[in-house]
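Residue numbers (my numbering), protein chains in the order written: chain A, 29 to 335; chain B, 12 to 236.
In short, the hints are calculated from the structure, not lab data. Remember, predicted model here, so these are calculated numbers, not experimental data. Hints may be right or wrong, so weigh each one.
Label pairs and their in silico Cβ distance ranges [said to hold, decoys possible]:
1. B:46 x A:327: 31 to 39 Å
2. B:55 x A:178: 33 to 41 Å
3. B:79 x A:115: 39 to 47 Å
4. A:235 x B:223: 27 to 35 Å
5. A:178 x B:152: 32 to 40 Å
6. B:35 x A:300: 31 to 39 Å
7. A:327 x B:105: 47 to 55 Å
Short, incomplete list of chain A residues facing chain B, as computed with Cβ under 10 Å [to be verified]:
8. 63
9. 66
10. 120
11. 194
12. 311
13. 312
EDC-like cross-link-like pairs, simulated, lysine to aspartate or glutamate; straight-line CA separation at most 16 Å [to be verified]:
14. B:82 x B:38
15. A:180 x B:99
16. A:137 x B:147
17. B:31 x B:55
18. A:196 x B:228
19. A:180 x B:35
20. A:251 x A:211
21. A:106 x B:72
22. A:137 x B:72
Think of the CB as a built atom: it goes at the ideal place given N, C-alpha and C, for glycine as much as any other residue.
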Amino acid sequence: MAILFDIIPVLLSSILSGVFLNFLFIPPYYTLHIENSNDILLFSMYLAVALVSSVLTAKIRREERKSRLKEEQEKSIKLYNTLLNSLSHELRTPLSAIMASVDGLRDAKGFAAGTIDADLIDQIDIASQRLNRQVENLLNMSRLESGLLRPKAEWTDISDLIFSTIRKLPEHRQMIRFHPTVDLPLCKTDSGILEQILQNLLINAITHTPQHCEIEVRCIWDKDRLSILVEDNGPGVPENQLNEIFKKFYKLPQTGSGGTGLGLSIVKAYTEALHGEVIAENRKEGGLRICLYVPMEATYLNQLNHE
Amino acid sequence: MNKASILVIDDEQQILKLLKINLENQDYRVITAESARLGLMMAENHAPDLILLDLGLPDLDGHQVLRELKKWYQKPVIILSVINQEEDIVSALDHGATDYLTKPFRTSELLARIRAALRHNNKIAIPDCNRFGDLEVCLEARTVHRNDLPIKLTHTEFNLLGLFVRNHGRVLTHQYILREIWGLNAQNETQYLRVFVGTLRKKIENNPNEPNHIITENGVGYRFQ
Chain A
29 MAILFDIIPV LLSSILSGVF LNFLFIPPYY TLHIENSNDI LLFSMYLAVA LVSSVLTAKI
89 RREERKSRLK EEQEKSIKLY NTLLNSLSHE LRTPLSAIMA SVDGLRDAKG FAAGTIDADL
149 IDQIDIASQR LNRQVENLLN MSRLESGLLR PKAEWTDISD LIFSTIRKLP EHRQMIRFHP
209 TVDLPLCKTD SGILEQILQN LLINAITHTP QHCEIEVRCI WDKDRLSILV EDNGPGVPEN
269 QLNEIFKKFY KLPQTGSGGT GLGLSIVKAY TEALHGEVIA ENRKEGGLRI CLYVPMEATY
329 LNQLNHE
Chain B
12 MNKASILVID DEQQILKLLK INLENQDYRV ITAESARLGL MMAENHAPDL ILLDLGLPDL
72 DGHQVLRELK KWYQKPVIIL SVINQEEDIV SALDHGATDY LTKPFRTSEL LARIRAALRH
132 NNKIAIPDCN RFGDLEVCLE ARTVHRNDLP IKLTHTEFNL LGLFVRNHGR VLTHQYILRE
192 IWGLNAQNET QYLRVFVGTL RKKIENNPNE PNHIITENGV GYRFQ
């Protein structure tokens with residue numbers, strides 16, 4: 029459609045120029061008649077040349093516009109990346125220094141001698157790790173908001189990804205279980221983004237359920253999409269708030285301190301970046317269930333026997 | 012006993028100072044440089060045993076520093092990065108970096124990486140039989156035992172395990188492993204690698220779902236320990 033609109037003015041102008049040629053330069057002058065057969069040939073040739081050149085010009089212009097747009101986009105991506113990188117550098121460097129100091133103190137002679145208070149050092153450590161997670165969330169959020177996130181799909185072993193995400197979670201007092209599905213195919217997805225989604229879902233579950241709760245991760249492959257369910261047997265969420273929890277900076281009224289209300293909104297935005305959807309519901313048995321549905325390419329190569 | 016010399020190239024004074032303290036605590040000799048140019052010069056003058064290189068230097072892009080270094084410097088370079096973007100890390104590893112750490116990191120992690128990198132570089136001939144917890148791998152005889160029970164591996168599975176053992180403690184990128192085991196044409200066939208790692212884990216890990224030996228570094232590769 030857009031092409032048609034682009035082409036119509038150039039066609040019009042080339043035909044008009046043909047008509048002008050006829051009117052002004054082909055005898056009899058100042059009429060649109062053509063009497064001489066040579067002049068008919070001349071006129072049609074002129075018309076053909078005008079048409080071809082105008083269509084070509086239009087095409088070239090379109091390409092130019094496209095490449096200019098792309099250039100501008102690339103420039104803004106580059107600028108944004110530079111900004112994010114320097115922000116990330118500024119926030120993480122002091123954190124690295126704090127954590128390295130903590131490690132240094134634990135290693136120091138005074139520590140073994142008991143003149144350094146181990147409890148205080150632990151508190152600095154816990155605080156810096158918490159700060160680090162918030163920095164991560166804020167950086168992720170701004171990366172998402174920039175609209176410049178480009179998911180990169182690669183073959184991923186989903187069970188492996190879930191296990192390694194669980195392993196890297198901060199210390200927690202809940203029981204996290206994951207029973208991998210036996211016939212799960214290899215899936216093509218952006219494993220970095222999926223890891224962030226899972227990590228946020230699990231951290232959300234550990235921050236908002238009492239100790240000794242059970243958190244269960246389940247994973248199902250259904251035709252062309254992957255479903256990951258994260259369930260807990262905590263207090264759940266009031267029915268009328270279920271949709272709210274994915275909104276940015278939203279926190280349930282009764283939740284105490286801690287958290288910025290960013291975690292689940294990042295989950296939602298990242299899931300959408302993978303063309304998936306995420307839904308929260310209360311379980312009949314009590315507790316919250318978050319369902320993640322992400323369409324992806326898969327292969328059952330891993331079911332074949334090798335060699 | 013350590014006494015290996017380490018050059019740290021990072022533009023952050025505070026990080027340099029702390030790394031120096033923490034590394035000297037472990038008896039490493041530490042020299043520091045706050046810019047890429049100074050770092051390159053010191054690498055040439057002091058010929059350190061290992062270099063810790065920050066990727067975000069103000070005067071020259073870290074990847075470029077790495078390329079310059081790798082023209083003549085044969086010893087291990089460990090990348091420090093605040094950008095936990097896997098592409099950057101993979102690119103550095105594929106251009107000759109030995110390993111990487113993303114800031115903020117734990118000193119214990121840093122020390123483990125340094126030890127693995129130095130061991131790998133010193134070419135202390137890897138002993139024929141190597142023990143990793145419940146696992147014993149003999150490279151020459153091509154045998155594997157778990158809890159003293161023999162495990163049967165296929166030819167390719169053993170090649171893969173052998174590559175892991177020879178590089179234990181170090182991260183290996185997907186592309187590197189594919190190139191080493193299946194050749195140049197297989198560099199992008201990551202799905203095969205996933206499958207083989209899966210079957211290898213089923214055979215050598217106590218619980219293949221919670222692997223203790225072949226650790227996944229998401230988006231980058233695997234680390235054997």
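Results of checking the hints against the structure:
no.: 1; hint: B:46 x A:327: 31 to 39 Å; in the structure: violated (48 Å)
no.: 2; hint: B:55 x A:178: 33 to 41 Å; in the structure: holds (39 Å)
no.: 3; hint: B:79 x A:115: 39 to 47 Å; in the structure: violated (28 Å)
no.: 4; hint: A:235 x B:223: 27 to 35 Å; in the structure: holds (28 Å)
no.: 5; hint: A:178 x B:152: 32 to 40 Å; in the structure: violated (48 Å)
no.: 6; hint: B:35 x A:300: 31 to 39 Å; in the structure: violated (49 Å)
no.: 7; hint: A:327 x B:105: 47 to 55 Å; in the structure: violated (25 Å)
no.: 8; hint: 63; in the structure: violated (69 Å)
no.: 9; hint: 66; in the structure: violated (64 Å)
no.: 10; hint: 120; in the structure: holds (5 Å)
no.: 11; hint: 194; in the structure: holds (9 Å)
no.: 12; hint: 311; in the structure: violated (24 Å)
no.: 13; hint: 312; in the structure: violated (28 Å)
no.: 14; hint: B:82 x B:38; in the structure: violated (29 Å)
no.: 15; hint: A:180 x B:99; in the structure: holds (14 Å)
no.: 16; hint: A:137 x B:147; in the structure: violated (37 Å)
no.: 17; hint: B:31 x B:55; in the structure: violated (20 Å)
no.: 18; hint: A:196 x B:228; in the structure: holds (11 Å)
no.: 19; hint: A:180 x B:35; in the structure: violated (41 Å)
no.: 20; hint: A:251 x A:211; in the structure: holds (12 Å)
no.: 21; hint: A:106 x B:72; in the structure: holds (15 Å)
no.: 22; hint: A:137 x B:72; in the structure: violated (38 Å)
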